[in-house]
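K.L.:
Chains W and R are the protein sequences, given in the same order.
According to the numbering used here, the stretch in the first sequence is residues 1 to 362, in order.
According to the numbering used here, the stretch in the second sequence is residues 1001 to 1362, in order.
No wet-lab data here; the hints were simulated from the structure.
For every residue, glycine included, the Cβ atom is placed at its ideal position computed from N, Cα and C.
Worth double-checking, as some hints may not be accurate.
Residues from chain R that face chain W, not an exhaustive set, calculated with beta carbons under 8 angstroms [said to hold, decoys possible]: (1) D1118; (2) D1266; (3) K1275; (4) S1297; (5) D1309; (6) L1310; (7) S1311; (8) N1314; (9) G1315.
There are 2 protein chains.
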Amino acid sequence: MTFPRPEPGQSIFTLSTPLPVIDEDRLQANIARVQSYMDAHNLAFRPHIKTHKIPAIAQQQVQAGAKGINCQKITEAEVFADAGFQDILITFNILGKEKLERLSALNEKIADLKVVADSVATADGLAEYFAGKKPLTVLVECDTGGGRCGVQTPQDAIFLAQLIHDSPSLNFGGLLTYPKAHSEPVVEAFFSKTIEELNARGIACPIVSNGGTPSLFSAHLVPSATEHRAGTYVYSDRAMARAGHGTLDNCAMHILATVVSRPTPDRAIIDAGSKALTSDLLGMSDYGHLIDYPEASITSLSEEHGTVDLSKVNGKRPEIGDKIRIIPNHTCVVSNLFDFITFHRNGVVMRVETVAARGLVW
Amino acid sequence: MTFPRPEPGQSIFTLSTPLPVIDEDRLQANIARVQSYMDAHNLAFRPHIKTHKIPAIAQQQVQAGAKGINCQKITEAEVFADAGFQDILITFNILGKEKLERLSALNEKIADLKVVADSVATADGLAEYFAGKKPLTVLVECDTGGGRCGVQTPQDAIFLAQLIHDSPSLNFGGLLTYPKAHSEPVVEAFFSKTIEELNARGIACPIVSNGGTPSLFSAHLVPSATEHRAGTYVYSDRAMARAGHGTLDNCAMHILATVVSRPTPDRAIIDAGSKALTSDLLGMSDYGHLIDYPEASITSLSEEHGTVDLSKVNGKRPEIGDKIRIIPNHTCVVSNLFDFITFHRNGVVMRVETVAARGLVW
């Protein structure tokens, strides 16, 4: 059976809700602003496609000057390779025969595939599987304080880099980190110390990859880095605005919702719940910013309902049937819920793009 | 391009992760236990399909004795009508021309469609659109303390019931609530007072629908109810076990994940993040129960990584490449992330079902 999708030319305010929409002008401005910063600082830029999962958006990013793309899963990389992208970095430790098989097929297919490793176990698994095949480029992931993956010290980074360098089936691609925001001096210290020792050993470090949207405009404070990766900047969201990356006016994604119930004077129920907004709080206390009622608060979500507290709204309050616009806390997880995304300019639908890389298992 | 799906006969422990799997025996036991309770108390049972969104599972529920199904969106109801279901209750206020058009088409297609209304605005919208068409059955939604949708008092329920009863294009279907858990006396008081007055006015109340999984086994404490609705019980989850509905051993859904990094002795990183588990906490302090390491805690999620604190694990700790099993906090939002779900018996894949009603906009 066929389900309704918006048509170009429609007004977004006539569309049935809940529905995420992207402002084309804000999207383009976000892409241009960040690329121009990177160009000014002679940093290569590698957008992370996890935010949109749409090849056409990555094409806009590459046309603006991005050198390649960043994926988080093999299946995501497969979708983008199929769409013609040749320079793809998968920032994940790849383990297990089924994934290695597909990784190898992808390595044969595109010119410039790269992955990361942060342990001997992962590097050995890659080295063993790729023996006799087209060599795979592997970067060493470093934990510079982000507290997720990564080797803990420059000494460990050097050890793993040497191991990869010495493996006939792997190419050592360089260093990578997903840092804590606003920790540029720490990142630079980790990178520069590691690079110095690698140089002393005669090991080149072609890529030094830093990442993250929140302190993106401080990327130049890590002079050792050759490239920066960022995803969320492209749509931006409430969490980024709170973290100091732009303002709410840079947020290209809005969720359109409708007031479906007004059970009490202080309560509105909207048709956007956790299956439209997700429960991501990212340190905030409610589930999204209501553009038209900034004093209102989305205090709780069930799956298809959002409960809005209107008690602090002094002026006109929304009525049943009114459409409202929400800036989500976290745009990347919203993209991941929807099969298509509607793009508009000044409220007129321009195009509808399938979220081609959502729902892929690994 | 084609993406890997498990095949019947495979061991689930050989499958690439992250991946949700459902234990067929636990699923069947959950269906049987709840239906048998409802049968024993002469309560009709109407499972909510939001939890699984899979027609084949709803067929199991109906075969066990369920009288019909509950949907939350028109497009969900369309998928299930297409699969042959004739008794569908959509527990949502339907507003707007585009939705009303599809609601009317659905009303023509199946024998027994029902929706709810909790305001004059919603009821008037339905009455106006359905004028001259096959009449639509509408229940009055009552807020008995759940704090979401619903009229606030029996007086308001009676007023709205009378309005629906008097409309030539609507049939008054009865009363409905989505209550606060463990509030049976309050629900009964609201229902019985409303029914008494409706009877005095000569208005029959064919369906009196109570709902919710957490205090499902107290449904008989609302004698006015003719039916009970519940979704989550079918897979169950960590939140239900904490709310007193069954135990962790009744949870049919596990998320299979792999340890991909062990950056420090106390930290493991797994390949299940918020795009596999969601950020739903539902009052808990971490993001899922690790069956094999019950002292461990999933302390934070990024999109494709989960950070596990192992500091309280006294015995053997997981190593890179180890598979682990997670009981999610909230099963319904996990279903909504995946295009298919894998069903197994004793670890052997039995079938793979498409989550047919996920990703539908409204």
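K.L.:
Does each hint hold? Answer for all of them.
P.N.:
Consistency of the hints with the structure:
1. With a cut of 8 angstroms, the hint placing D1118 of chain R at the interface with chain W holds, because the nearest CB-to-CB distance is about 5 angstroms.
2. Hint status for D1266 of chain R: violated, given a least beta-carbon distance of 11 angstroms to chain W, over 8 angstroms.
3. Contact between K1275 of chain R and chain W, as hinted, is supported at the beta carbon level, the nearest pair being about 5 angstroms apart and thus within 8 angstroms.
4. The interface hint given for S1297 of chain R is broken, as the beta carbon of that residue sits about 14 angstroms from the closest beta carbon of chain W, more than 8 angstroms.
5. The beta carbon of D1309 of chain R comes no nearer than 11 angstroms to any beta carbon in chain W, farther than 8 angstroms, and the hint placing it at the interface is violated.
6. Interface hint at L1310 of chain R: violated, since its Cβ lies 14 angstroms from the closest Cβ of chain W, which is beyond the 8 angstroms cut-off.
7. The closest approach between the C-beta of S1311 of chain R and any C-beta of chain W is roughly 14 angstroms, which is over the 8 angstroms cut-off, so the hint fails.
8. A cut of 8 angstroms between beta carbons decides the hint on N1314 of chain R: the least distance to chain W is about 23 angstroms, and the hint is violated.
9. A hinted interface residue such as G1315 of chain R counts as satisfied when its beta carbon comes closer than 8 angstroms to some beta carbon of chain W; here the least separation is about 21 angstroms, so the hint is violated.
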